[in-house]
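Visitor: Below, each chain spelled out in residue letters.
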Amino acid sequence: DTAVSQTPKYLVTQMGNDKSIKCEQNLGHDTMYWYKQDSKKFLKIMFSYNNKELIINETVPNRFSPKSPDKAHLNLHINSLELGDSAVYFCASSQAPDSYEQYFGPGTRLTVT
Amino acid sequence: AQSVAQPEDQVNVAEGNPLTVKCTYSVSGNPYLFWYVQYPNRGLQFLLKYITGDNLVKGSYGFEAEFNKSQTSFHLKKPSALVSDSALYFCATKDNTDKLIFGTGTRLQVFP
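From first to last, the protein sequence lines are chains A and B. Residue 1 is where the first sequence starts when you use the numbering used here, and the numbers rise one by one after that. Residue 114 is where the second sequence starts when you use the numbering used here, and the numbers rise one by one after that.
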């Protein structure tokens, strides 16, 4: 039983394409996140949703659009992909925005060629 | 702004020896400090946290961390390293909007 799952695990696409990454958590948590980990392993938050509402929106290009259809899902859509978008994207969840522990998914490795 | 620093990109230790992975923090107010571990091709896993209370915090897999206010440090430790402890370790803090702010990570390599 995977707590936080992401699909796809790997995504290879060309510049200019539009792609989506899906995330689901079965922990009953209220809060979900998207993080980006670059090639140097630096990890930074992109977005956070609580009960389907956006609560954190870092300085991310508006080509990135998160969508939360319900509390258990948080998807990430990326338009007009660029080379610099190549990274590993992690979804995470927590019981609440101020919870101390976050649970991470396995990551989606996006490669833009 | 809240931040954590991990001064070592890599730490090498022989199996059975004690290990320390260093972290220093720069935080206004009471620090909320965390350690996460990332095994190859996996997501991060929570190891332990310091919120308040005892300076020595015990966590998963036999790890512990020592909070030192005078040195603004929160070093991760384990008395006896295992080869299976080899992974990427992240120190983190929370800012006043509850965002997790991660350090740059330290790769721990435990040699048999």
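Misleading hints may appear alongside valid ones.
[As the list claims (entries may be wrong)] Label-pair distances were calculated between CB atoms; the ranges are:
id: 1; chain 1: B; residue 1: 175; chain 2: A; residue 2: 59; range: 36 to 46 Å
id: 2; chain 1: B; residue 1: 208; chain 2: A; residue 2: 62; range: 15 to 25 Å
id: 3; chain 1: B; residue 1: 120; chain 2: A; residue 2: 17; range: 35 to 45 Å
id: 4; chain 1: A; residue 1: 79; chain 2: B; residue 2: 164; range: 20 to 30 Å
id: 5; chain 1: A; residue 1: 61; chain 2: B; residue 2: 220; range: 22 to 32 Å
id: 6; chain 1: B; residue 1: 141; chain 2: A; residue 2: 57; range: 15 to 25 Å
id: 7; chain 1: B; residue 1: 143; chain 2: A; residue 2: 53; range: 24 to 34 Å
id: 8; chain 1: B; residue 1: 167; chain 2: A; residue 2: 60; range: 15 to 25 Å
[Said to hold, decoys possible] Here are some chain B residues the structure puts well away from chain A; computed CB gaps all over 10 Å:
id: 9; residue: 121
id: 10; residue: 124
id: 11; residue: 126
id: 12; residue: 128
id: 13; residue: 137
id: 14; residue: 141
id: 15; residue: 156
id: 16; residue: 158
id: 17; residue: 168
id: 18; residue: 175
id: 19; residue: 179
id: 20; residue: 192
id: 21; residue: 199
id: 22; residue: 201
id: 23; residue: 218
These aren't lab readings, by the way, just hints derived from the structure by calculation. Computed from a prediction, not measured in an experiment: that's the story for all the values here. C-beta: ideal position from N, C-alpha, C; glycine also.
Visitor: Quick one: which hint numbers does this structure break? Sort them smallest to largest.
Guide: Violated: hints 4, 8, 15, 16, 22, 23.
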